[in-house]
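Working from the sequences, and respecting the hints, build out all of it.
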Amino acid sequence: MNSIDRRSFLKSLTAASGAAVLSIPSALASNPKARVVVVGGGFGGATVAKYLRQLDPGIDVTLIERETRYTSCPLSNEVLSDSRDIKTLQTGYERLARRGVKMVHAEVTGIDPVGKKVTVTDGTTFGYDALVVSPGVDFNYAAIKGLTQEISDTQLPHAWKAGAQTLLLKKQLAAMPDGGRFIIAVPKGPLRCPPGPYERAAQVAMYCKHHGKKKAKILILDSNDSFSKRPLFEEAWKALYGYGPTGMIEWVSGSSGGIVEEVDPTGMTCRTTFDEHKADVLNVIPPHHAGKIARTAGLTNSGAWCAVKPMDLESTAHKDVYVIGDSCVGGEVSTGNGFPKSAHMANSQAKVVAASLVAKFNALPAPVPVYTNTCYSVVDHDWGFSVVHLFRVENNQWVYIKEGSGISPVTIGTGKAAKPVPRIHRKIEAQYAAGWLNNLMADSFG
Amino acid sequence: MYKTILSLLLIGLTGAAQARGDIEPLARTCNGCHGVGGVSASGPMPSIGGLPKDYLRQIMKQWKYGERSAITMDRILKGFSDDQIDDLAEYFSKQRWVPSPQAAPDAVLAKGKTAASANCRDCHGLTGNDPDVGVPRINGQWARYMELELMKYRSGEFKMTHRKMKQAARDMKPEDVSATARYYGAQSK
Ligand SMILES: Cc1cc2nc3c(=O)[nH]c(=O)nc-3n(C[C@H](O)[C@H](O)[C@H](O)COP(=O)(O)OP(=O)(O)OC[C@H]3O[C@@H](n4cnc5c(N)ncnc54)[C@H](O)[C@@H]3O)c2cc1C
Chain X
3 MNSIDRRSFL KSLTAASGAA VLSIPSALAS NPKARVVVVG GGFGGATVAK
53 YLRQLDPGID VTLIERETRY TSCPLSNEVL SDSRDIKTLQ TGYERLARRG
103 VKMVHAEVTG IDPVGKKVTV TDGTTFGYDA LVVSPGVDFN YAAIKGLTQE
153 ISDTQLPHAW KAGAQTLLLK KQLAAMPDGG RFIIAVPKGP LRCPPGPYER
203 AAQVAMYCKH HGKKKAKILI LDSNDSFSKR PLFEEAWKAL YGYGPTGMIE
253 WVSGSSGGIV EEVDPTGMTC RTTFDEHKAD VLNVIPPHHA GKIARTAGLT
303 NSGAWCAVKP MDLESTAHKD VYVIGDSCVG GEVSTGNGFP KSAHMANSQA
353 KVVAASLVAK FNALPAPVPV YTNTCYSVVD HDWGFSVVHL FRVENNQWVY
403 IKEGSGISPV TIGTGKAAKP VPRIHRKIEA QYAAGWLNNL MADSFG
Chain B
131 MYKTILSLLL IGLTGAAQAR GDIEPLARTC NGCHGVGGVS ASGPMPSIGG
181 LPKDYLRQIM KQWKYGERSA ITMDRILKGF SDDQIDDLAE YFSKQRWVPS
231 PQAAPDAVLA KGKTAASANC RDCHGLTGND PDVGVPRING QWARYMELEL
281 MKYRSGEFKM THRKMKQAAR DMKPEDVSAT ARYYGAQSK
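In the order they appear, the protein sequences are chains X and B.
The numbering of the first sequence is the numbering used here, which starts it at 3 and goes up by one.
The numbering of the second sequence is the numbering used here, which starts it at 131 and goes up by one.
Bear in mind the hints are in silico, worked out from the structure with no lab data behind them.
Given the structure is predicted, the values throughout are model-derived calculations rather than measurements.
Some hints could be false.
Said to hold, decoys possible - With beta-carbon atoms standing in for the labels, derived distance ranges:
(1) B:Tyr195 to X:Gly94: 41 to 51 Å
(2) X:Ala419 to B:Ser211: 28 to 38 Å
(3) X:Thr337 to B:Val228: 39 to 49 Å
(4) X:Lys321 to B:Pro235: 58 to 68 Å
(5) B:Lys191 to X:Arg425: 26 to 36 Å
(6) B:Lys183 to X:Ala420: 53 to 63 Å
(7) B:Lys191 to X:Glu263: 29 to 39 Å
(8) X:Asp84 to B:Lys319: 34 to 44 Å
(9) B:Tyr195 to X:Asn397: 45 to 55 Å
(10) X:Gly181 to B:Lys319: 53 to 63 Å
(11) X:Phe276 to B:Val228: 53 to 63 Å
(12) B:Tyr195 to X:Gly181: 49 to 59 Å
(13) X:Ala108 to B:Lys191: 46 to 56 Å
(14) X:Gly181 to B:Ser211: 17 to 27 Å
Think of the CB as a built atom: it goes at the ideal place given N, C-alpha and C, for glycine as much as any other residue.
As structure tokens, this is what we get:
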């Protein structure tokens, strides 16, 4: 730091924007004060890599991601209804590379938490001082009889990871005859994007309504007994597409026979605890768990997800390993207010970890973490709503802040004066959803 | 020296804010919707970096206490203390205002300029960068966002607090709304 002109440094600070861009001389960068390896370049991994470099360019950051392009799951349901081109959801890693993030496109096959290194497919290893793991989810196909990954990839897509399966599902929907049945099988939670299946039902209905399939049926066979933003979805389904046994959209709860246990891709049927259902399109979302690599590395403590510490999301299983995004569990789980598995949450968690690591490597006091989420759902071109979450850490425990959380209101006013929220609110919020996605992508990958 | 700077960047320790907790991490949660430094990358979401402190503080408190309608922001702010809101207002007011000039056809710009000169100039200035006290800058603000705000002012379904701004918005001819928003959105300075 001696070589830096104190005055110009201070000046760059006062001019600093947002997450404060510091111009540290390259001398510092060539002798890194710490090496951070990030596994997985989705919303969590990309954001943590970006913010580490932005907050302290003296840290060497390597991001290992198997794909060269990323497709956002958020708003990928709009691809199904033909209201969005999948290309608008895709991004590369060039901007992160320009920030000095070392990009490695390979599959991480092993993590050695004792020797502090990770191994990729070709055997190359990368040593780390801190490891951030954000591999998203993987699917337990075997939990549903008759389902395999191959069947999922070719016949019964889950489209719960945006990309080829999203396009396959879209194709199947387009080919569905009028009067056809589109079944969405929802696994038991916690699931990635809790409101996602219900947004999907609406987007599929929207497609059917506008593409000569007004007699279509969209049946949600749910392993759960309720769902995120339920009053908002039910209001919209009813108003837009018809909801219930005679409507276009129907929802069957877990306890009334919604749990799909077996599928038959040849006969295009699925079996629940009570019934057999025939379908034209079978969108089976298998139960999921932390990304495979997190399991292999022992980060899940033999459960489905990775336990982490509230202050900095360090794994409870391994020191200097941090797990963020869909793979981790956090929040006020005991009251049913766990962290939602969302892109916004992954982005928020990543910022917490980046700030805490930078503090740690510079022997500074740990910053106070704050975790926020907003998840928009779009049910028609001009109908959207959202849910907001806020969590703080008190006494080393996550606390769900009720006052700073909640869904878009269903009614305005209280008691007898209560009236439905005017339509214009939904119209405007649909636009905010699109704006949110662009900014979140820019904040994570830009 | 280096540590002091880093700690400023990480948690933004300054005077009173230090006692209340960290402002940087809190401000960083806004980036996902408003962009880094409050410079939005997307039409429907406003840029907020560099808006006047009093304006920022007032609008956020009005939302928190239910005095003004919002679609998303009111729910977010109800979880923050008044002190945190003051700190956020101060933080974002210290960022640079970065216009995001958006192209529009000449005819639209001409129409917008006429309407702006007649009805908006007194308070916002002709290019939106020379506002009266308490008026936000709108030069190079996102036009889509401004259209949505004008929709709120005009609809009657939203509690909007500034009486004269509300009147100005309601006096607009429907066909001028979009053009005026696009005219201000096109301003680069
Ligand atoms: C249909 C749908 C709609 C959704 N809508 C929303 C929404 O509106 N809002 C919202 O906030 N969230 C939404 N989500 C949820 C959101 O997509 C996830 O929560 C988010 O992607 C989680 O980020 P992540 O970093 O944990 O995982 P991901 O984004 O999945 O990233 C994981 C990355 O790690 C890579 N990877 C995994 N293992 C390895 C390995 N061993 N080696 C190398 N690379 C590896 C993968 O290739 C992937 O790129 C939606 C999800 C779905 C399915």
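Hint check results:
Separation of Tyr195 of chain B from Gly94 of chain X is about 44 Å and conforms to the stated range, judged on CB atoms against 41 to 51 Å. At roughly 29 Å, the beta-carbon separation of Ala419 of chain X and Ser211 of chain B lies within the given 28 to 38 Å, and the hint holds. About 41 Å separates the C-beta atoms of Thr337 of chain X and Val228 of chain B, a value consistent with the hinted range of 39 to 49 Å. The beta-carbon spacing between Lys321 of chain X and Pro235 of chain B, approximately 60 Å, falls within the hinted interval of 58 to 68 Å.
Range check, Lys191 of chain B to Arg425 of chain X: about 28 Å between beta-carbon atoms, so the 26 to 36 Å window is met. A hinted range of 53 to 63 Å is violated for the C-beta pair Lys183 of chain B and Ala420 of chain X, which are about 36 Å apart. Separated by about 53 Å at the C-beta atoms, Lys191 of chain B and Glu263 of chain X break the suggested range of 29 to 39 Å. The hinted window of 34 to 44 Å between Asp84 of chain X and Lys319 of chain B holds, with their beta carbons roughly 40 Å apart.
Checked against the hint of 45 to 55 Å, the pair Tyr195 of chain B and Asn397 of chain X fails, with Cβ atoms roughly 29 Å apart. Checking the proposed 53 to 63 Å range against Gly181 of chain X and Lys319 of chain B shows it holds: the Cβ atoms sit about 59 Å from each other. In this structure, Phe276 of chain X and Val228 of chain B meet the distance hint of 53 to 63 Å, their C-beta atoms being roughly 59 Å apart. Checked against the hint of 49 to 59 Å, the pair Tyr195 of chain B and Gly181 of chain X passes, with Cβ atoms roughly 52 Å apart.
A hinted range of 46 to 56 Å holds for the C-beta pair Ala108 of chain X and Lys191 of chain B, which are about 50 Å apart. The hint said 17 to 27 Å for the Cβ distance between Gly181 of chain X and Ser211 of chain B, and at roughly 56 Å that hint is violated.
Taken one by one, the earlier hints fail for this structure at numbers 6, 7, 9 and 14, listed in ascending order.
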